[in-house]
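K.L.:
Given the structure of chain A, go ahead and fit chain B onto it with the hints provided.
For the protein sequence lines, the chains are A and B, in the order given.
Heads up, the first sequence is in this note's numbering, so the first residue is 31 and it goes up one at a time.
Heads up, the second sequence is in this note's numbering, so the first residue is 69 and it goes up one at a time.
For the record, the hints were derived by calculation from the structure and aren't laboratory data.
Just to be clear, a hint being listed does not mean it is correct.
[Unchecked claim] Not the full set, but computed from the structure, chain A residues with beta-carbon under 8 Å of chain B: (1) Thr245; (2) Ile344; (3) Phe349; (4) Glu447.
[To be verified] Distance condition first, Cα-Cα at most 20 Å in a straight line; then the derived EDC-like pairs of lysine to aspartate or glutamate: (5) B:Lys947 to A:Glu191; (6) A:Lys433 to B:Glu114; (7) A:Lys433 to B:Asp135; (8) A:Lys462 to A:Glu191; (9) A:Lys433 to B:Asp111; (10) A:Lys98 to B:Glu114; (11) B:Lys561 to B:Asp404; (12) B:Lys410 to B:Asp201; (13) B:Lys561 to B:Asp466; (14) A:Lys98 to B:Asp404; (15) A:Lys417 to B:Asp319.
[To be verified] A short list of chain A residues far from chain B (calculated; beta carbon distances all over 10 Å): (16) Leu160; (17) Arg179; (18) Val429.
Don't be surprised by glycine CBs; every beta carbon is placed ideally from N, CA and C.
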Amino acid sequence: MLSNKSLILIALLVIATSLGAFSISDTYFGYRYPAFDARSMAMGGAGVFNDMRPAAFLQNPANITVQKRFAGLHIATMVNRADDTRMIPLYNSFDNYIDDAVYASNINAFTQFAGAGFATIGISNFRFGLGAYQQPVLSFDGVYTEEIRNNRNTDDDGYPEKIAQNDIDNEGSLYKTGAAISMAYAFSEYVDLNLGFDFGMMNADIEQKTTIRWTDWSRQQVDDGVVLPEYTRIADWDLEGEQLKFGAAFRLGPHFGLGWSYIPKTTLTREGTDFTYREAYRNTPADSTWVSLDSDYDLPSEMRLGLTYYPRNIMRTVFSLDLEMVDYSQNMDFLDPVYNIYAGVEHHVVNSIPLRLGFQAVNSYHIDMEDSIDEEGNSITLYSANKILNPMITGGSSVQIAKNIVLDLGFGYAWREYEALDLFGDAYYNDKIYTGSSSYSLWPNQYIDLQNRGWENPDKVKENFITLNAGLSFSW
Amino acid sequence: MKKFFLMLFALGCIGFLAAKVDLNTASLQELMQLPITEAQARDIYEYRTFVKIFDSIYDLREIPSIDQKTLDSLKPLVVVSIYTETDEVSIRRQEIRDFLERLDNNEGASEGMADVWQDYLMTPQNVNRMHFDDFISLPNVSAIDAVSILKRVARGDTISDTRDLRNTPGLSYYGYTNLRNYVYFSEPPVKNRIMFDAQVQYYTRPYEEGQYDMLHEAFVPKSFGNDWVTVPHDKRNSYWGYFNVDQVQPDMILKLRMRYGNNIKAGFMNYSPKANEGLLFSSEDSGTDRDMITNSKYYAGYENTNLPWLDNTALKLYIGHYRATYGEGLVMENTDFYSARKTGFGFSKRIMGITPDLSRTQEYALRGAAIEIKNPHFGASFFVSDDKKDALAYINPDGSYVMRDDFGNDVFSDETGQYYVENNVRHYTYDDGSVVHADKRKLFSYINPTLPYDNETMMEAEAVFNDVLNPTPGPGQNYTPFAMPYINLATRKDAMREKLWGTHLQVSPIIGTHLGFTTYTALYDNAHLIVPDFNQLLPTIIRDSYYYTKLQKALNSEVSNMYSTQTDSYSRDYRRVIGFDAGTVLGNTSIQGEYAELSVDGDDFKLGDDPKAYLVSAHTQFENLYFISMFRNYDVNFENPYSNSFSEHERFNDTILEKNIYALTNPTISDILQNSNQSQPERGIYFETRYKFNNYFTVGRSYLDLWERLSDGRRSVRFQSELEFRPLYQLGLRLRYKNQVNRYDDLADRGVSKTNEYTLAVRTFLSNRDFLELEYRYNTVLSPPYTSLTYPAEPGNNTMAAAMTLMTGDYIGVNYTHNFNSSLKMQGSFIYWYGHGISHWDWEDMEIDFMGEKGAKAWVAFSSRISNNMYMNLKFKNKTYQDKELRIRQNNDPNHSNLTDQLTYFDRVEHSENTIRLSLDYRF
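Chain A with its partners taken away, still in its complex shape (with noise of 0.2 Å):
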């Protein structure tokens, strides 16, 4: 029988694993969003050096001068598909690990929404760039479901009963809002230096929900008077704080520009509370516990140098390339600096219209915490971190709508494939501890063992996103 500890041990681990983002357990982190510039998504989002839309400035606030405009405006909507495969492990009757077997699949989709405008003016040789913007930065939404069957009569093709549902709901995205300055000094029509700062406050109001709830089935299979507990925990929490960027961007000629940008590292203050309920259930009292969140909330620095080319081909044709620095290991010690590349081209292939396509290879770190006991029997938190590279294809294109209005269209789909704790631990589901029987009333025979998995048998978690990135620019 589990004991209370091996419970909340359980309810840790829900907790720890369900800090997500588009992905349940992309944790800690959060989802970076791509490039809100659907025309620098659909290049990969390179364009730290990016003159052709408004909201280039999004990247890097130099960009605004670079673009040599009066004015420009910008709204975007971006809308994520996200699939989730959970795997376990496969077995072989040589006792051989062969192949994984899926458990749970999740779709998903999200919508967002940002915007940005900015003006400038000229003089003399100088000139000056004012912008501002919203723009999500960090998604935390996510949702998942996985049903709990036993396997009764599935050597039949039976359909198996349903015993239990776990559901996590998760909400909320950081948002960024802020202004941005831009100063330049043209050498000649194609030699310039623009420097820039961008000032953003962030704020996000987060809700995160897991449940665990029996079927009627389940409920009919116990004698009256049985309670099969059900659990719930909803984790309600706000982010506040201020950001900086500095950006640069270099104009080397009509054929090569050279851009930089630098977020330091960010540390934002987390408040709210962390609510877990579990009825109570034979002789065990119920478990309800209020804590309350009061901590920083760390971001990474960020550091990304790029290059532009604007060659002479047969089509009009645009190459960008970008490297990125985040680092890491500013938050947490056993985490590395990781680096990420943006590349894509855009070639207008006929009558001006361009056809873009992108790659971009982006390294995330998984974070899985479990609690356990030191030496000396003290609790302690095991930080398990692992480094995961997220590739990406992009392509897109435009329509010029008017003469000044231009509406861009990018797609992206990324993959990434990795090992996680199970969500949900399986000896939650053993029945005997809450009827007090000596077998099961739930499962169909009595060899079944619901023991929790750890890191001996994994999660192998498959996530596909695709991304569609619409964006209207107005500019003068």
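P.N.:
Relative to the frame of chain A, chain B by itself:
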């Protein structure tokens, strides 16, 4: 830097034209003076800057903001001066860009040869001064072609241009079309200057099926199977789970080459294989850190085809990494990669002699110095290499090396000192009283590991696996001791220091006829290579005596016949191979061959007393027909890691290393097979032809191969032919038939299999070089059932009769190529296949893919020419398939051994692989 000069239309009109604005030279301010808007002026300027130089005034109409009325108003005010590109490198690059890009893509398959050919495309060789080897090292240029040109030049004739080259008697059309891009006639198209080639490649490639299976094999103690032993299902008991190989991990290549004409060359390449984090991404604790110099390849060299003090004599001098290739590749052709049916003709060429090497070859790379000097009658090269090689090592339970003394004893250490064991007694001194001493490691063989981790990281993993293999018995439990309670063989990086020297001498008394001598000796300073004989092999590499008798296959003699430096009959610290090659051209037939011997227990310089390999081939060439005949024989014990000759299969194919990985003491021993580069011991005769009847009918590459696998005497035949009917230029119908029978010599044998494959393809050649192909393939395999498909899937219970099973499979695919314009091309393909035990193959843009069982695959690749000197290729592939495991699983029990009567279905098991490849090439 852009360089062009402008010549005005007519000098006499200078005065008149001076008032006009030249669209090709005017500044933006000057364009703004024209009666057009500022935006239009900017559009004109940007068109010239970012699209093209104006050829005529009418190009203005290609600018969206310039309408006919504006053009008419501009006509009297503007002129367009003639633009001529004067930068010879740009001109040359423009001429050959299609070839360069094809070779960029082809780099993976050709393993470094593309670099050499690209150099010769940019800075061609003087056709009137080239030697025989120079010609036959070029793609699709035959010895007969070479002789036809050399004879003409020897007569004192000088080939003056491509038309003149075409008129060379005896030169084939294919030879001519391929050769013309690699040669110049009087003046080189590019004068000597510094040129750079940079390449970056990022490739998330899944493991090949064999590697995937190997890494999934778990370490399970033999005690499993006894009812009272609970073996934990633990994914970490396999290399796959331990290293979490599920993650998407890329291969990365960074390559930079520099040269001054064809004279001075230098290059650097860093290759980070999958699971390695690479130059940018390495971290201290990733376990993949190796010295950057060790992980990279580099060279510097000097070449001169016209030595001032020796007439018509060429010199090559290289330090760093280089390749050496001679004859038919029997003595020396160093590469990590195997390719089947490498004839050395047509597109599967060898580049003879010394060439710089920045290929992905790591294990059989040569690092040192090489010199080659040759003239039309004599050639000599000498090469030395000093490099640390990865090896499969005998290890102690703690992961340390087993040492070997000069007397053939395995030497171990304890606190007293070094000792050997005889009759279970430790001996610290020899019979003569001297202290036991061994300073050489006991190694099994070279190995090219799939996993890139360093030795410390691998040893940590092995320690975990050893714990699994040798659990402590519980109360009342009485384990049967099994053969190998710990990992006794494991891959060790840089375990063997190899000092290699070699030479090739060649005389060519008459044009097209040569006789060569090649030898190399690899010295092993710190190691003995010890491969047990056939009887001892299985106890050494198999972890459980239960399998010994079952796996006693004759085929395993390929493993037991690997080269040992110390046996009962001799002891030495080197491997030496010597060989002769010769060739001549008679009319339109070239005959060539090579004989090689590996010194084992015979006299080093006596022929016929040692394991040998030989190959003779004849190549006959007509205008529309060629015919290749080839005979090869490779002894089982001719184990030369630096050979790379023609064969149907790679060495160790079908052996215990492929079929019985589960029985190995360490699954990664299978890397000897997985990354094998040598030919399987075969004796056989091979014929190949291609014949173009006329413009309507062509018999495509067709071949017949009859061979015997020498390790077990299995005889096989393989035949393939294809017929293309092209009623219109735009339409081709292609019919292909392939047949293979294994063990045709004894149809009652269980190893018999008969394969038939029929393919019909409809190919349409559309306008603008677009291409659409529909392909259908149907195949049958008649063979005994695989034991893995029998029930129950356990050894000893395989009671199924050896009846033949007919398996059928088919495949349908569509391939499409669309050229948006000359700078942007899209290729794509969709395939659905059903294999049922048959594997299909498919050529994706430039690489081959094998597909087992049933699934679907789609890929798309964009080739984008960003500018004249920059090229990008982006490819994405999704492959989703099921394999035969699905059916085996119906008998599996993932939870408990007592559930064997409860069938458990996992019908949603999926293999879904995404692959992305990005490559960027930049030349400047």
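K.L.:
Does each hint fit the structure? Answer for all of them.
P.N.:
Taking the hints in turn, this is what the structure says about them:
| no. | hint | result |
| --- | --- | --- |
| 1 | Thr245 | violated (22 Å) |
| 2 | Ile344 | holds (6 Å) |
| 3 | Phe349 | holds (5 Å) |
| 4 | Glu447 | holds (5 Å) |
| 5 | B:Lys947 to A:Glu191 | violated (33 Å) |
| 6 | A:Lys433 to B:Glu114 | holds (18 Å) |
| 7 | A:Lys433 to B:Asp135 | holds (16 Å) |
| 8 | A:Lys462 to A:Glu191 | holds (18 Å) |
| 9 | A:Lys433 to B:Asp111 | holds (14 Å) |
| 10 | A:Lys98 to B:Glu114 | holds (15 Å) |
| 11 | B:Lys561 to B:Asp404 | holds (16 Å) |
| 12 | B:Lys410 to B:Asp201 | holds (18 Å) |
| 13 | B:Lys561 to B:Asp466 | holds (17 Å) |
| 14 | A:Lys98 to B:Asp404 | violated (54 Å) |
| 15 | A:Lys417 to B:Asp319 | holds (16 Å) |
| 16 | Leu160 | holds (25 Å) |
| 17 | Arg179 | holds (13 Å) |
| 18 | Val429 | holds (14 Å) |
Checked against the numbered hints given earlier, this structure breaks hints 1, 5, 14; the rest are met.
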